[in-house]
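Q: Turn these sequences into a full structure, and let the hints guide you.
Chain residues, written in single-letter form:
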Amino acid sequence: MRFLGLTYLGAILAFLYLPIAIMMLMAFNQSPLYELPFTFDLVWFKALAGNERLLTAGWNSVWIALVSSAIATSIGTVAALGLARNEFTGKRFLQLMLFPPITIPWLIIGTAMLIFFFWTGVGRGLHAILLGHVALSLPYVIVVVGARLATHGPELEEAAASLGARPAQAFFRVTVPLLAPGIVAAGMFAFAVSFDQFIISYFLAAPGTSTLPVEIFTAIRKGFTPEINAISSIVIIISMSLVLVVSRFYRFGGER
Amino acid sequence: MTTISVTSVSKSYGAFRALDDVSIEFRDGEFFGLLGPSGSGKTTLLRAIAGFVTPDRGRIAFDGEEVDRTPVHKRRIGMVFQSYALFPHLSVARNLAFGLEVRGDPKAETERRIEEYLALVRLAGLGGRKPRELSGGQQQRVALARALITGPRVLLLDEPLGALDRKLRQEMQVELRDIQRRTGITTIFVTHDQEEALTLSDRIAIINEGRIVQVGSPQEVYERPVSVFAAQFLGDANLFSGKATTGGLVLADGTMIRVSGQSAGLAVVRPEKVRIGRSAGAELNTLKGVVMQSVYSGASVIYRVAVPVLGETPFLAFVQNSSGELHAPGSEVTLAWDAAHTMAVAP
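Chain order of the listed sequences is A and B.
In case it helps, the numbering used here puts the first sequence at residues -10 to 245.
In case it helps, the numbering used here puts the second sequence at residues 442 to 788.
For the record, the hints were derived by calculation from the structure and aren't laboratory data.
Beta carbons: idealized from backbone N, C-alpha and C, even for Gly.
Keep in mind that the hints are not guaranteed to be accurate.
Straight-line Cα separation of at most 16 angstroms, EDC-like style, residue types lysine to aspartate or glutamate; simulated pairs [stated by the list, open to error]:
id : chain 1 : residue 1 : chain 2 : residue 2
1  : B       : Lys684    : B       : Asp694
2  : B       : Lys714    : B       : Glu664
3  : B       : Lys515    : B       : Asp504
4  : B       : Lys714    : B       : Asp677
5  : B       : Lys515    : A       : Glu147
6  : B       : Lys515    : A       : Glu146
Negatives, chain B to chain A, calculated, CB over 10 angstroms [as the list claims (entries may be wrong)]:
id : residue
7  : Pro478
8  : Gly540
9  : Ser763
10 : Glu773
Just the calculated beta-carbon pair ranges, DEER-fashion [as the list claims (entries may be wrong)]:
id : chain 1 : residue 1 : chain 2 : residue 2 : range
11 : A       : Arg155    : B       : Phe457    : 29 to 37 angstroms
12 : B       : Asp634    : A       : Gly142    : 21 to 29 angstroms
13 : B       : Glu557    : A       : Ala139    : 36 to 44 angstroms
A: In structure tokens form, the structure reads like this:
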């Protein structure tokens, strides 16, 4: 039974990580054509260091993801609080309308944004990408923070008020610490939505500026080089260590 | 310390009248029980006093000072919530410190008071624990200490013992009463448990459909209920309905029931006031019936007796088992009780 369980777990992990592992391995292989035997070499990382386009795109991706997730998390948290703690007409409708943006294909949202930004004069470029990413990650933030909020009613804030806490004191001493795991999770979600985003970034990028996924796609079309493996490996290591660090501080899905 | 007066307070939620012209005074230092079925408005009244509910009409005053425009955090209240509402991210000591910290008390004084109040609720040494590491009864005591530590003008308890099991509940009742006596704080507590209300309270109010039905000491309210609802909500009661006459009422079959007080055609008697199988005397009311069921519990026996003139509802009699003999189902018995225990009630 135990053996079966472990095999099952192993198969799932292999299914998830084998392609990634091979790609990371090949980033360290000397051959540009995935030839064996494996010869360890950092040649592709050296080449990457000289690839201005890829590095600029990578930097764009990072700051856009950071800024858009910060904006989306702040706005989204306030929106989630508003939805959870107030009753008003149209609330149900508003909550329902949060879900379609998650399910509508990105291709369609991207097209719509492109047309809308063109028509309103926002145009294309990194600012348009940033705006698009905020809009895209907002529903995720509201849903994730809202789920965390639902784990406790207004009673804790009421208890704080009964003990003499002003609304701001109750918010920062009680609400925020309790929401923190939800806010962190939402922020990571928003970061991932932005950082992974290809289609919308592709549509909204002005010629000459792009984000990492767009640049990787363009590079692959021109001809694949293991530099792509190298930068992908870096991205994977950074994002996985981020998850590990955060999970050390917060247990997901419930009370600590 | 504090007298709280509620004057003509009403509150509606849409078409639902949660409080309907409620006026009541809570005296300084008394332990007051608000008793009523769920949805009766008792919790709304408590929350209006706390400041969480804004009445549509009426006034609430603490020691004559109106608090209607005072937000919750400035009312200087202490509240224990049904779910305790302990801050899960803070230790027991920090939970207690909360109310002192937000008003900026000196640190040394705060720490001293925490120790004092932990001792008061017999939790000395547990200040470092998180609430989730405590048992239900311990959490309850933390909630109580946290509510009292700021020196509030009134202590409000919302079904404070509802989540505890029976044994723990009885222990906590004693402890709660003891702590209240020692601190002397005006205490208002909401409950739907009649026994709890009778045991703990100096006075009780029975609330139904947003209105106060009766206010008085537990004994007054139990022994002299003013209405059918008060009689039946607080304990059990046998109800008679008939034509009013001098000194009592006449049932449909002509039986005279002598009543204490002026009857308008309705009266009740408590089941424990009824005896079985005694011959009638001048002061006694009697009825004949057939035993339907007897529930034997050693020291006492509960009889359900069919009395045709009273209709479908069985007549209840709680009888001390002094003779050791049981009236078996089917046997014909005479029920007898004092006219003085037969109370006239309003519908």
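Q: The structure should be examined with respect to each hint, and the outcome stated for every one.
A: Verification of the hints:
Between Lys684 (chain B) and Asp694 (chain B) the alpha-carbon distance is near 11 angstroms, which keeps this suggested pair within the 16 angstroms criterion. For the suggested pair Lys714 (chain B) and Glu664 (chain B), the alpha carbons sit about 11 angstroms apart, so the restraint of at most 16 angstroms is met. For the hint linking Lys515 (chain B) to Asp504 (chain B), the alpha-carbon distance of about 15 angstroms falls within 16 angstroms, and the restraint holds. Simply put, Lys714 (chain B) and Asp677 (chain B) have alpha-carbon atoms about 11 angstroms apart, close enough for the 16 angstroms limit, and the pair holds.
Using a Cα cut-off of 16 angstroms, the hinted pair Lys515 (chain B) and Glu147 (chain A) holds, with the two alpha carbons roughly 13 angstroms apart. With a C-alpha separation of about 15 angstroms, the suggested pairing of Lys515 (chain B) with Glu146 (chain A) holds against the 16 angstroms cut-off. No Cβ of chain A approaches the Cβ of Pro478 (chain B) within 10 angstroms, the least distance being about 22 angstroms, so the stated non-interface status holds. With a least CB separation of 4 angstroms from chain A, Gly540 (chain B) falls inside the 10 angstroms interface cut-off, contrary to its annotation.
Listed as outside the interface, Ser763 (chain B) is consistent with that label: its C-beta sits roughly 51 angstroms from the nearest C-beta of chain A, beyond the 10 angstroms cut-off. The beta carbon of Glu773 (chain B) sits about 57 angstroms from the closest Cβ of chain A, which is more than 10 angstroms, so the claim that it is off the interface holds. Judged by the Cβ atoms, the range 29 to 37 angstroms given for Arg155 (chain A) and Phe457 (chain B) holds: they are separated by roughly 32 angstroms. Range check, Asp634 (chain B) to Gly142 (chain A): Cβ separation about 23 angstroms, and the 21 to 29 angstroms hint holds.
Checked against the hint of 36 to 44 angstroms, the C-beta distance between Glu557 (chain B) and Ala139 (chain A) comes to roughly 37 angstroms, which is consistent with it.
Checked against the numbered hints given earlier, the structure breaks only hint 8 and satisfies all the rest.
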